[in-house]
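Protein sequences appear in the order of chains Y and X.
Residue numbering for the first sequence follows my numbering, beginning at 1 and increasing consecutively.
Residue numbering for the second sequence follows my numbering, beginning at 447 and increasing consecutively.
It is worth saying that the hints were derived from the structure and are not from the lab.
Keep in mind that a hint or two might mislead.
Label pairs and their in silico Cβ distance ranges [to be verified]:
#1 179/Y <-> 564/X: 25 to 33 Å
#2 288/Y <-> 523/X: 50 to 58 Å
#3 681/X <-> 5/Y: 41 to 49 Å
#4 489/X <-> 15/Y: 22 to 30 Å
Straight line, CA to CA, 20 Å or less: simulated EDC-like cross-link-like pairs of lysine to aspartate or glutamate [what the hints assert, rightly or not]:
#5 345/Y <-> 513/X
#6 183/Y <-> 507/X
#7 266/Y <-> 464/X
#8 101/Y <-> 228/Y
#9 522/X <-> 342/Y
#10 345/Y <-> 614/X
#11 606/X <-> 653/X
#12 438/Y <-> 513/X
#13 266/Y <-> 503/X
#14 129/Y <-> 662/X
#15 101/Y <-> 403/Y
#16 584/X <-> 614/X
#17 606/X <-> 567/X
#18 608/X <-> 327/Y
#19 266/Y <-> 518/X
#20 584/X <-> 403/Y
#21 345/Y <-> 548/X
#22 519/X <-> 342/Y
#23 365/Y <-> 327/Y
#24 365/Y <-> 548/X
#25 183/Y <-> 478/X
#26 520/X <-> 507/X
#27 606/X <-> 478/X
#28 470/X <-> 637/X
#29 345/Y <-> 503/X
#30 520/X <-> 342/Y
#31 183/Y <-> 200/Y
#32 101/Y <-> 229/Y
#33 583/X <-> 614/X
From the structure, some residues in chain Y lie toward chain X, with a derived Cβ separation under 8 Å [unchecked claim]:
#34 18
#35 180
#36 340
#37 342
#38 343
#39 346
#40 347
Note that CB positions come from ideal geometry on N, CA and C, so glycine has one too.
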Amino acid sequence: MAQQTQVFVPQPDRPPPPDTSGPLAWIRRNLFRDIPNTLMTFVGAYIIFTVVTAIVNWALIDAVWQAETRRECLDAVGRAGACWPGVAAWFENLIYGLYPKDQVWRINLGFLALVVWMVPLWLPKVASKIAIGLSAVMLYPFLASYFFLGGEKGIIWTALIAAGLAGLIWVWATALTEMRTGKPVGTWLVARLGQADTDEILQRRIKQGAALALFAMAFLMVTQISFEEVRTRFWGGLFLTLVISGIGITFSLPAGILLALGRRSKMPVISTLCTLFIELFRSVPLITILFMFNTMLPLFMPAGTEVNQLVRAIVAVCLFAAAYMAEVIRGGLQAIPSGQYEAAKSLGMNYWQTTSQVVLPQALKIMIPTIVGNFIGLFKDTTLVSIIGLFDLMNMARAVGEDTDWLGLFIEPFFVVTLIYFVFCFAMSSYSINLEKKLAAGRDRT
Amino acid sequence: MTQPSRMIEIVNLNKWFDQFHVLKDINLTVRDGEKFVICGPSGSGKSTLIRCINQLEHHQEGSIIVDGLEVEKKGKNQRLIRSRIGMVFQSFNLFPHLTVLENCTLTPILGLHMPRAEAEETAMLHLARVGIAEQAKKYPLQLSGGQQQRVAIARALTVKPKIMLFDEPTSALDPEMIKEVLNVIVELAADGMTMICVTHEMGFAREVADKVIFMDQGEIVEADAPEAFFANPTYDRSAAFLSHIL
Ligand SMILES: Nc1ncnc2c1ncn2[C@@H]1O[C@H](COP(=O)(O)OP(=O)(O)OP(=O)(O)O)[C@@H](O)[C@H]1O
Ligand SMILES: [Mg+2]
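Start from the sequences, fold in the hints, and give me the full structure.
As C-alpha cells, then:
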C-alpha cells in the first residue's frame, strides 16, 4: 500500500470574472442592480438635482449683489433671489460684534497667537507636545484676554500676561531646538554652555535662570504695550461665540476628568459631592442654568461687586459642559479592565501615577469620538446665550433683519451663519477622525 | 547551617467576601529562595490567597509578614511590600497603550526615579532574559500570548522584586506557548528567586517546587514536597483532584 507522494503545484492566478470590478461595475451593482434599485436611483437623483438647483438659483443666479436697502432687493427680484448686500453690510458685525473697528486687529492678532502657539503640535520631530498643549491651555488665556480686553493692568495682571508671552516664546524656542537637535530648549542651552555632563542640580539652576530671564524680558515687553479698554458689552458675533465655546471646551475637559475621578473616588464625601454636582447640572436645561446664573449669581455676590454678564454666561456654560464631560469620561474609565489597576498596583504605582499614566490615556483614547462630539454640541449650544442678551453669532444674525435698512432680512444671514457653523463643526469632526486613526496606527493588531 | 530567613509568613489568615468565608485559618511560611506551587479546584481561594500577600485583596484576621514587614491595608509598608513583590497575572495585564519597552520602564522611571537611559538599559536586560529583546518597540497587542506573558514577567522583574507571585500564568495560553513561559519561570527559579505559583502544570511543579500546596474550600488541605504529594496524597480530596488533572 505504498502511496506515491505528489508535488503540489499552485494554480496560476486568474483574472476576476468580468463585470465585478472597476467603476462601471460598481455603478451597475450599486445604482442599477434591478428595477426597484434603478427607480430609487432616479428618484434620489431627481431630489438632489431639484434641491441643488433651487439653492444655486436663489443664492447665486437670481441673487442681488448691489443694493442700499432690502427694498431695492425686493424691487429687483422679489423673494426669488438672495439679497447679499445686507449680509455684506453687517459682515463685520457678524464676525466681531460691536468691537471698535479700529481695534479689530487685536482680535485677529489674538487668534493668530493661538494658531502660532498650536502649530508646533503638528510639526514632526517636536517631542514636547504635551507640554506645549498644556502651556496653550494654561498660559494662552492670559495673553488673549489682554489682547481682547485691554485697559489698565496692575502688577499681577502684567505678570500673568508676561507669563503668557514667555510661554509663547518658550514654545517656539523648544520647537526649533527639538527640530534641529532633538533636545528641548533648556537641555539645548545647558549643552551649549558646555554643562551637559555636570550634576543635575547645576543643570536645573541654569534652566531656572533662563526661564527667569525669559520671564523678565517678557515682563518688560508687556509694560511697554498698552491697549485701550474694550468692554465686553461690545463683544459679539463669531468672536464672542469662539470665546465662550473656547473657554467652555478648555475648561470642560480637565474639570470633567476631575469630576469623573471624584465620582468614582472611595472617599464618600468627595464622591457624593461630585455625583450631586454632575446630576444637578445634567438634569437642568442649559437655558435654565443661564437664566439662573444671570439673575441669581449677583444676589450671592457681596454687595458692590458687579459680575459682568459675559462672565456669568461663561461660568454657566463651563459648569454645564463639565458635568456632561464628566459622564463621558466616566464611561471611558469604566471601559478600563480591573486588571490594569491591579497590574499598576502590583508594580507599586500610587493612585495619581496609575490614573495619569495607565488609566486616563486609555480612557481618553477610547472616548475621543464622544469627547469631540461633546465639544461640537457645546459649540452649538452657546447660541443659547442670546437668551440672556449676549450678541453671539446667532443673535447677531437675527439683528440684521431688525435693522431699519434691512428689515425682515433673516434668511440670508442665517444661511451664512449656517455655513460658518458647518465649517467649524465639520473641521472638529474631521480632526477627531484623523486623530483616532493616528492613535490607532500600529497599536492594534488589525 | 542556619535556615534561610523567612520571606513570607502567614499566620492564622482569615478572609471574608461579605458573608462568604474564602480563606480559613491559613498558615504558611516561605523561606528565602523557596518555590511553592499552589493547586486546587476552581473557587478554592488560591488567587485570593496570593493576592492578599501584596494586598490586592485585604484580609480581616491574622497577619502576613513579608520580608520582615507587616502587611497593612494602607501606608508606607504597603508600598514597600509591593515594591519587593513582582506579580504575574493569568491575563497578562500589560498596558496596551505603551510599547513593550515603555511597559518595562514606566515604574522604574516614575517610582524609583531612575534616569530614562538607565531604566531602558535594565529593561532591555530583562527583556533579553525572557527572550524578547527584539520586540521591545512593539505594542503588546502585536505579540502572541506567550510573548505577552514573558513581557509581563520582565516587567515584574524591573522593580527588582525579592518574591514573585504567579497566578495561573499559563492557563490563558495555547499548549506550545505554555512551554516557553514555563521555561522562563524555571530559569528564574534556578536563579534563586523566591516564588509562589498557582498552577495546574504538574510537570512544572515536580521540576521546581519545594512544596506543593493543595487548597480546597478556603483551606490548605495538604502541603508537602512534590514527590510525596504525587506519590501518596494524604487526603481523598487531593487524590481525586490529582486523578483529574494528571
Ligand atoms: N471580589 C470578590 N467578591 C466576592 N467573591 C469573590 C471575589 N473574588 C473571588 N470571590 C469568590 O471567592 C472564591 C475564591 O476565589 P478565587 O479567585 O480565589 O478562586 P481560585 O481558587 O483562584 O479559582 P480559579 O482556579 O478559578 O482561579 C470564589 O468562590 C469566588 O467566587
Ligand atoms: Mg484564580
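Exercise. What hints, given by number in increasing order, does this structure fail?
Worked result: 3, 4, 6, 11, 12, 14, 16, 18, 20, 25, 28, 33, 34 and 35
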